[in-house]
Amino acid sequence: MQFDYKFHKDTAITNSATSTKMSFSPDLQRDPTFFVGKLNKKIPFREAISALHDVVVSDLRFKPKDREEYRAWAAEQEKLWLSDYMAEFQIEEVRQRMAEVRGELDQVYKEKNRVLGPFNTAKKNYFDYLYQKDKDAWFVLDPVITVHPDEVFFECFSQDESTYGKLSSSYNVFTEINEFKCGTTNIDYSAALYNEFQKIRDYKDTEFKIDPSGFEALTTNEEVYKEEKIDLPDSWVRGFLQVSSAMTLPATAFDLHPMDIFSICQYLRRFKEKKGPRALRFILEPGKPVQAVFEPWYEVLTFHRSIYKGPASKTIRIWGRRRLLILERLIPIAKNFRVVLLGNGLPSFYIADLGDMSFTLGLSGWTANDWSRAGNFDLMAPRGHVDLLTQEKVFNALKETWFGTPAELSKKLDLDTATISASLTSYTQAGRVIYDLNSGLYRVRELTQEPLDMKQLRFSSPLEEKADQLISDGKIKIEYSVKSDILNIKGTVKENNITYKTEAFIDKDQRLTDGSCQCSFYKANGLRQGPCEHILSTRMMMNRKV
1 MQFDYKFHKD TAITNSATST KMSFSPDLQR DPTFFVGKLN KKIPFREAIS
51 ALHDVVVSDL RFKPKDREEY RAWAAEQEKL WLSDYMAEFQ IEEVRQRMAE
101 VRGELDQVYK EKNRVLGPFN TAKKNYFDYL YQKDKDAWFV LDPVITVHPD
151 EVFFECFSQD ESTYGKLSSS YNVFTEINEF KCGTTNIDYS AALYNEFQKI
201 RDYKDTEFKI DPSGFEALTT NEEVYKEEKI DLPDSWVRGF LQVSSAMTLP
251 ATAFDLHPMD IFSICQYLRR FKEKKGPRAL RFILEPGKPV QAVFEPWYEV
301 LTFHRSIYKG PASKTIRIWG RRRLLILERL IPIAKNFRVV LLGNGLPSFY
351 IADLGDMSFT LGLSGWTAND WSRAGNFDLM APRGHVDLLT QEKVFNALKE
401 TWFGTPAELS KKLDLDTATI SASLTSYTQA GRVIYDLNSG LYRVRELTQE
451 PLDMKQLRFS SPLEEKADQL ISDGKIKIEY SVKSDILNIK GTVKENNITY
501 KTEAFIDKDQ RLTDGSCQCS FYKANGLRQG PCEHILSTRM MMNRKV
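Once you know that position 367 of the sequence shown is 367 in my numbering, the rest is easy, because the numbers rise by one and skip nothing.
If you're looking for bench data, these hints aren't it; they were derived computationally from the structure.
Be aware that a few hints might be false.
[Claimed, not checked] Straight-line alpha carbon distances no greater than 25 Å define the calculated DSS-like cross-link-like pairs of lysine-lysine that follow:
id	residue 1	residue 2
1	K38	K199
2	K494	K181
3	K508	K393
4	K508	K483
5	K309	K483
6	K523	K477
7	K494	K475
8	K288	K335
9	K272	K21
10	K274	K309
11	K21	K181
12	K181	K42
13	K21	K288
14	K314	K523
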């Protein structure tokens with residue numbers, strides 16, 4: 001997917017003995033979005049924005065060692081070893097001839113190194129310079145900034161697309177707010193800015209600006225603009241959509257003291273596993289301290305400052321735990337950490353309470369399982385058939401205030417909450433709305449320059465299209481019951497002369513909380529990659545009956 005950006009100038013930070021000025025250049029091809037203010041919470045903001053940078057450059061994918069030079073050396077040595085072996089069976093003249101050839105080869109190698117030496121040295125120096133001076137050539141940074149009436153928030157993904165970061169700053173972080181205009185924009189952001197962020201000090205006046213001057217200059221022909229065409233993979237867009245969908249799902253939540261997060265990070269720093277299993281297991285007992293078990297050593301840490309207040313005992317395992325080290329920098333400025341776990345092998349979220357700021361770290365099920373490839377969490381979100389006119393009505397009502405809860409919109413529009421939730425889910429999948437896990441409300445966030453066509457989003461995935469076809473072919477029969485506000489749907493699905501028994505559990509917010517099926521997809525993955533087409537068709541069939 002190609003994105004065209006147009007910037008008035010480069011983003012820059014200027015530092016002096018008494019002041020720091022941060023000026024981010026927004027994308028001029030999007031609706032005008034800007035913000036100008038002075039920072040009040042300087043050090044916490046510096047640490048939080050640096051942690052966001054740690055998300056951007058994070059890449060924990062397995063990188064095999066480059067053994068090309070060794071293989072080339074071994075190939076040459078094999079010839080020499082073979083010649084030495086064969087020389088034992090030859091006459092003295094052959095040995096002398098081989099010594100002469102070996103000497104000639106040495107001369108050839110020396111001449112090769114003499115000719116190519118300056119080139120190899122220059123190439124190494126060039127890449128060293130890029131790494132030190134222009135990391136943009138190494139890292140693809142993709143921050144998105146959104147300005148709302150109550151806060152400014154940044155979003156980004158890691159290089160391996162398994163880690164999501166969101167920094168929200170309320171207006172209390174700023175002492176003076178000169179002007180702002182709500183909206184979402186991409187910014188011209190270079191990796192070199194990280195070093196400039198480190199120069200922010202409490203005794204300096206620090207101005208934060210999403211520069212509005214570029215929009216004022218659009219009417220003249222005298223300005224020179226910086227234009228970029230970036231071909232981002234579809235996985236980048238899909239990852240953002242999956243994160244917001246996953247945030248709306250039922251989860252187990254508990255609080256951890258900052259020193260408990262420190263204990264987890266310290267343990268991960270001290271010990272490096274060499275073999276599996278590599279899970280971090282949270283043991284949750286109502287009214288008791290939260291415990292964490294580190295595999296494969298099965299070392300147990302008990303967090304006496306953090307008491308689990310949930311109604312039932314649970315043990316939840318997560319993988320890709322080394323990504324939690326991103327939280328280290330936030331420990332000195334955090335008041336509390338809220339942990340939200342979707343289940344075994346499912347995504348997890350860690351929300352750092354930084355006072356007037358919050359930092360949300362979203363981790364996919366495990367490092368190699370990024371947000372876009374194997375997650376279909378949008379299929380577990382509230383679903384229903386809502387006409388386009390009603391959806392637009394809900395979105396326009398949300399855009400009037402830029403954020404709100406389904407209950408507030410339901411009261412405002414005189415629509416039931418199920419219709420509101422289904423409409424917001426559609427716009428979440430279209431990249432126009434994001435769920436704020438920290439505040440528990442929906443926010444307008446236009447991810448792309450041009451809104452995606454809602455008519456093209458009838459099916460959010462091939463699985464949903466298959467489920468719809470099963471219903472159209474009359475392959476499904478269901479029965480249902482309600483107990484403790486949970487809708488239990490049991491179904492039989494016939495496909496290719498095979499009958500599958502399915503079960504789906506829907507809560508009062510129309511979210512799929514659990515399910516089961518006899519197909520191979522479910523047996524292999526459970527709900528870790530979203531529901532199979534059989535569970536999904538069972539749920540969709542119920543929606544159509546109602």
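- Query: CA of K181 to CA of K42, is that 25 Å or under?
  - Reply: It holds: about 23 Å lies between the C-alpha atoms, which stays within 25 Å.
- Given the proposed pairing of K38 with K199, does the C-alpha separation stay at or below 25 Å? Since the Cα atoms of K38 and K199 sit roughly 16 Å apart, the hinted pair holds (cutoff 25 Å).
- Query: Holds or violated: are the alpha carbons of K523 and K477 at most 25 Å from each other?
  - Reply: holds, 22 Å
- Query: Do the alpha carbons of K272 and K21 lie within 25 Å of each other, as the hint requires?
  - Reply: violated, 41 Å
- Task: Verify the proposed pairing of K508 with K393, using a straight-line Cα cut of 25 Å.
- Result: Measuring from Cα to Cα gives roughly 23 Å; hence the hint holds.
- Message: Check the hint pairing K508 with K483 against an upper bound of 25 Å on the C-alpha distance.
- Response: holds, 11 Å
- 25 Å limit on alpha-carbon distance, applied to hinted pair K314 and K523: holds, 22 Å
- For the pair supplied as a hint, K21 and K181, is the alpha-carbon distance within the 25 Å limit? The hint holds at about 20 Å.
- Assess, step by step, whether the Cα of K288 is no farther than 25 Å from the Cα of K335, and give holds or violated. holds, 21 Å
- Between K274 and K309, is the straight-line Cα distance small enough, at 25 Å or below? It is violated: about 35 Å lies between the C-alpha atoms, which goes past 25 Å.
- Message: Checking one constraint from the list: CA of K494 to CA of K181, max 25 Å. Satisfied?
- Response: violated, 54 Å
- Query: Within a Cα-Cα threshold of 25 Å, do K21 and K288 meet the stated pairing?
  - Reply: violated, 48 Å
The structure is inconsistent with the numbered hints 2, 9, 10, 13, although it conforms to all the rest.
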